[in-house]
Amino acid sequence: MENVKSTPIDYSVVSEKIKSSGITEIGKATIRELVKLVNNIEQATGKKFIRMEMGVPGLEPSSIGINAEIDALHKGVASKYPMIEGVAELKNEFSRFVKLFMDIDIAPECCVPTVGSMQGGFAAFLMMSKTDKKKNTTLFIDPGFPVQKQQHQVLGIPYETFDVYNYRGEKLREKLESYLSKGHISSILYSNPNNPSWICFTEKELKIIGELANK
176 MENVKSTPID
186 YSVVSEKIKS
196 SGITEIGKAT
206 IRELVKLVNN
216 IEQATGKKFI
226 RMEMGVPGLE
236 PSSIGINAEI
246 DALHKGVASK
256 YPMIEGVAEL
266 KNEFSRFVKL
276 FMDIDIAPEC
286 CVPTVGSMQG
296 GFAAFLMMSK
306 TDKKKNTTLF
316 IDPGFPVQKQ
326 QHQVLGIPYE
336 TFDVYNYRGE
346 KLREKLESYL
356 SKGHISSILY
366 SNPNNPSWIC
376 FTEKELKIIG
386 ELANK
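Using my numbering, read the sequence shown as starting at 176 and increasing by one per residue.
No wet-lab data here; the hints were simulated from the structure.
Idealized CB from N, CA, C, for every residue including glycine.
Watch out, some of these pointers could steer you wrong.
Stated by the list, open to error - Quick list of the computed label-pair ranges, beta carbon to beta carbon:
1) Q294 with F272: 17 to 27 Å
2) C375 with E200: 17 to 27 Å
3) M293 with E244: 18 to 28 Å
Could you build all of it, start to finish, from the sequences and the hints given here?
Pasting the structure below:
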């Protein structure tokens, strides 16, 4: 009797779709390749994946948010531009959230909403590279989001990068110092929990990053 693997999604279908996709190494597939592959598997099996490849898990939105948006539409928000200084209520809630979530005091006027992390990152990269003439380079702790490196290229901002896989724990300190000691790093960029590997930095590793950033 043929040995068939027992998997939530039919193993033979998944294998066939991977083979027909032309992806030679699934671990090195791009986001777009994975999106297309999963779409094909869903169509063939009728089974739904929890979609995380675009950062959207498909969870139902909170009723609090839905009702707030409806209320805002009833108040005519769709036909108005916000004040140039921003929406006071939103900026105050930003400041409050940061305090409650991270225990950091940020003045409401310093809280700037964006349409997403792509736009927010674009603005942050530009600002950080201009705050100190001697420090114009971003340090990426990889793996990370490739588009952020493309944003740096568009902005003409230099960057350096290393893969964190072999530099966990106390090894991270030495590796970071090898870059920071040059005096040209303006910011450190990493994701935690990590996308796409889903590793998480330990408290010790986060402390190392914080200590060296302050130093």
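> Looking at the structure, which of the earlier hints fail to hold?
Replying inline: none
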